[in-house]
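**Student:** What follows is each chain in one-letter form.
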Amino acid sequence: MTKSNLQKVLESGAFAVTGELGPPKSGQRDVIEQHASHLKGYVDSVNITDCQTAIVRTSSIATGRILLDMGIEPNIQMTVRDRNRIAIQADVLGAAALGIKNILCLQGDHATLGNEPKAKNVNDLDSMNLISALKKMRDEQEFIGGDKMDAPIDIYIGAVANPFADPFEYRPYRLAKKIAAGADFIQTQVIFDMERFERYMERVRELGLHKKVHIIAGITPLKSVGAARYMQNNVAGMLVPDHIIDRMRKAKDKKAEGVNIAVEMIEHLKTIEGVAGVHIMAVAWEEIVPEIVTRAGLYPRPKFD
Amino acid sequence: MIVADRKPLAEILKNIEPYKKVLILGCGECVTVCMTGGDKEARETALALSIARKKANNPVEVKSHTVERQCEPEYLESARHLVEEADVVVSLACGVGIQNMNQYYADKRTLPGVNTTFMGMPVEQGVWTENCLGCGNCVLDETMGICPIARCSKSMLNGPCGGSQNGKCEVSKDTECAWHLIVERMMKFNKLEALQEVKEPKDWSTSHHGGPRKMIREDVRL
Ligand code: SF4
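As given, the protein sequences belong to chains A and B, one line each in that order.
Following my numbering, the numbering of the first sequence begins with 66 at its first residue and continues without gaps.
Following my numbering, the numbering of the second sequence begins with 55 at its first residue and continues without gaps.
Treat the hints as calculated values from the structure; they're not laboratory data.
On a predicted model such as this, the values are computed, not experimentally measured, just so you know.
All C-beta atoms, glycine included, are put in the ideal place defined by N, C-alpha and C.
Heads up, none of these hints are tricks.
Derived coverage of chain B by chain A (criterion: at least 3 residues anywhere in the stretch with Cβ under 8 Å from a Cβ of chain A; other residues may be distant):
1) 202-210
2) 213-225
3) 253-259
Estimated spans, in silico, between C-beta atoms of each pair:
4) Gly210(A) <-> Glu115(B): 54 to 64 Å
5) Asp228(B) <-> Met296(A): 13 to 23 Å
6) Gly210(A) <-> Lys268(B): 20 to 30 Å
7) Gln179(B) <-> Asp311(A): 43 to 53 Å
8) Met175(B) <-> Ala79(A): 52 to 62 Å
9) Gly264(B) <-> Glu205(A): 22 to 32 Å
10) Glu234(A) <-> Met175(B): 27 to 37 Å
11) Gln297(A) <-> Val87(B): 40 to 50 Å
12) Pro62(B) <-> Pro217(A): 55 to 65 Å
Next up, chain A with everything else stripped away, as it sits in the complex (with noise of 0.2 Å):
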């Protein structure tokens, strides 16, 4: 099996790096293509979004291929909102074949939040039986309902995790449940209230889960307060807290300070026994992410042959 680049860092135990690209509402090449240049080299693999918070895009697929013709190692998300089974066990096929190899399961933003609220919510699996299908495709050659497959296909397994949402206390379990399942690596939910998620985290190698799995922290640096006000309030299960908005409000210049506070909890993350990389999500913001990567020291970026 080969390996993705990300699987090979993670494995390396070097600090992870990921980044997050949000494909356009257009079927533009060249806006991809700009968007990703930015990261190109800063991160050890892209996050690309699957109509996030339910708004139609580019496929994520599509986009990710773009990608890899830039060199640029795509992760791609993949939500079970807008595809029955059928249809995401042959996205995950043509997805192998244009040889994209991480995929993120998720269960995708209702669809009354997006762009298109009367569509029909799909759901026909949950994000928990997606991530077990990647694994029962890859290590068993079977489809869900047992049809064989007709060669094995590599794909690293990610899964995210929310240490912000509710019930709190069993938000670690369902962590555990999801490596279970067959999760490889984790990504979780921006991370603003760091006490929250330092207690998620004692918890979470309280229970071991740490070593059983890749567990990659989540990072937004803010441009603006609006920015943290709309997250507060529009953001599924997202949670930033009052002194982070009075730092940005106080802030003459409030794009460096997003960038300041962003470069201090990667510093704060990198301390946190468990964490095993950082995900920036710099979304249409992508220029930011080489600055905020090298004053982490983060860059440069491991390599393999």
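Add chain B with the ligand to chain A, keeping to what the hints say.
**Tutor:** Same frame as chain A, now just chain B with the ligand:
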């Protein structure tokens, strides 16, 4: 019970525009209990329609009547005389009753006067919630009596998703997160370990996704 919501008067008016004699037919079961299509609502609807048509200079004769149970053929016969003398029937029963009427009185059209919304129950005066989707494969034994198929917005078998906050669903602050309730109840009964089992993908073939369903009971057939 089956919960329904009366269609806006304007929509009913538009549908009955070509007709001069209209029968509003209520049902004595679920729609009576949810205060949408019982005898009282049938009378009110009839009155409202005739006033509106009078105002529009297009008077109509509207009668109302209620049968005990519109979803079973044997209860429809009692309305024969009224149905026959009307140009059209507007049923305030659920979708089952409306179809039964169209089938039983096949020479007459019966139009829907309500939107059938869900299978549910009253939680307080004037508030009803959805509780069952009739998926044909009940999981309430595994989920502490709270249905994740009907009450989780994403019908998850391995919830809760990352959108659950303060016990509410990401879809609306007015909607309880079913999985929050399930986890709480599991904790109360010391059954959290049961939640650690990864549930297999649901077999949707027993639900509507397997095609329209039919139940045949050989033991009670004549
Ligand atoms: S918030 Fe709760 S009820 Fe809503 S979709 Fe998520 S798990 Fe289901």
